[in-house]
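Chains Z and D are the protein sequences, given in the same order.
For the first sequence, this note's numbering begins at 1 and goes up steadily by one.
For the second sequence, this note's numbering begins at 1 and goes up steadily by one.
These are calculated hints, taken from the structure and not from any lab test.
Please note that a few of the clues may not be correct.
What the hints assert, rightly or not - Sample of chain D residues facing chain Z (criterion: CB under 10 Å; computed from the structure): (1) Glu145; (2) Glu239; (3) Leu240; (4) Ala279; (5) Tyr284; (6) Thr292.
Using N, Cα and C, we set each Cβ at its ideal position, and we do this for glycine too.
The residues making up each chain are set out below.
2 protein chains.
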Amino acid sequence: MTSRRSFLKTTGMGLLAAGMATASTRTSYAQQSAESGNPKDTFRLGIAGYSFNKFKLDQALEMMKKVDVHYLCIKDFHLPMKSTDEEIAAFHEKCKSFGVTGYAVGPIYMGTEQAVDEAFAYAKRVGVKLIVGVPHKEVDKKKVESPELLKYVEGKVKEYDFKYAIHNHGPDNLPYSNAECIMNYIKDLDPRIGMCLDIGHNMRTGADPVADMEKYAGRVYDIHIKNITSPDKQGKGIELPRGILDLPAFVRMLRKVKYNGACSLEYEKDMQDPLVGIAESIGYFRGIMDSTR
Amino acid sequence: MTSRRSFLKTTGMGLLAAGMATASTRTSYAQQSAESGNPKDTFRLGIAGYSFNKFKLDQALEMMKKVDVHYLCIKDFHLPMKSTDEEIAAFHEKCKSFGVTGYAVGPIYMGTEQAVDEAFAYAKRVGVKLIVGVPHKEVDKKKVESPELLKYVEGKVKEYDFKYAIHNHGPDNLPYSNAECIMNYIKDLDPRIGMCLDIGHNMRTGADPVADMEKYAGRVYDIHIKNITSPDKQGKGIELPRGILDLPAFVRMLRKVKYNGACSLEYEKDMQDPLVGIAESIGYFRGIMDSTR
């Protein structure tokens, strides 16, 4: 929150200038947005493109505008990997017209060296320096460990100087189930290889997202915000205020470790008609942010 | 939030029972709702019926269900003053089927002793003990002070043992503009006459809702929650996260003074299509509540 003096300076409101400003006055969120968020926040709120799985880009951006969110993690169904440079430019132009910035791409599944090559080339053409990736091989539909592929990713990270955030996908989908598991794979690799901590999936493995955020802060480059119905494999996505994950505790930890990436809501309930649940969830996260500065 | 022990007791989840519960686990909101809210909260979240000005009762209740809110301040367009006892019973039955309780009636405008009589009789038949009221006379469409009418209301409050919360309506609509103004009228009256503090309209007069909540806590019997675009007559309603009123500060004050009534969102933006804004606003207020316990 800016000081009253700077608020006065910004708004020049007669009533306030007349000394009637009150302790209850704050810089409005609309004003904060214009300044790219509250200056006291080291992180920013976004939405993961997968939340709009059932919608075209225009519809997704319309929903983002409706809930006043300005950062999108770009999914390939909105911007295909094979897009031309012209198509990419048109994508950015469209986002811009809704006040939205695509800050990263992914999650992108990549099971071969060729797929890794394509993902990095795509990110470069899109103009982002963060890839949310899932680097594993698929053998007969079973995902298997692939340390050689991770070594290959490491080479690409050095080549491009991009960050690569491995997305954890819970107990259903080995090998990258939770933060600890990812860390075991990457601890000796280039530090630009880190994780996109999906706090819902993390908790579905029985892990503690708050403790993991503290433990692995130096390697968390993106976050998927969600809440879940139970801390186990049966846990389903739910509106942020209604689940068992203690999000105020999580946001306090973000502030403690001075996390400086995005927190992107990945909303996977009512995917055919998600806007109301997204609005409730975005509002909830903002309420926590405003209460924990 | 309940302790881990009581959480285990409530859920009996295998994973938790096996010692895998984490600091991030909390009682889910769904569980809290089933217990009528978090036991640490002295106040409860509701919606003011006026938010659904453009909708029939069924539509209003459908929206309340969608955002998981269980308390409604009943407006007469959903339950007319002249309803029969059968119609009132049907109203309550309908609310119950959506998990909603009508906790009060109003705001009801009453400019004559007869209107006051009707309002108290109506509230009694509805079965609530709280009337949100606007007791003034109208002369040639100009609202004028009516201390005699307030004395008459005082008699009714004694007769029925109801609480009567005068709604403040900002700088547009004298005589009840803000909390201080109401207090000046009621300070020597029966303490069951108090106010429904509309924090948005209060701030539109240049007053400080947080300071006023502290000052007049003993006489605040209902609250209309909203946010506004500016602290003056031009201030318009807006989604709760986006206005200039510092709601985290306000909720902290509610906790400090141990306010034990309802906080009802009165959402007056996009009244033809309010659900998304209501969802964002309800989520925001819950985020603050969860962050300030």
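Which of the stated hints cannot be reconciled with the structure, identified by number in ascending sequence? Violated hint: only 1; rest satisfied.
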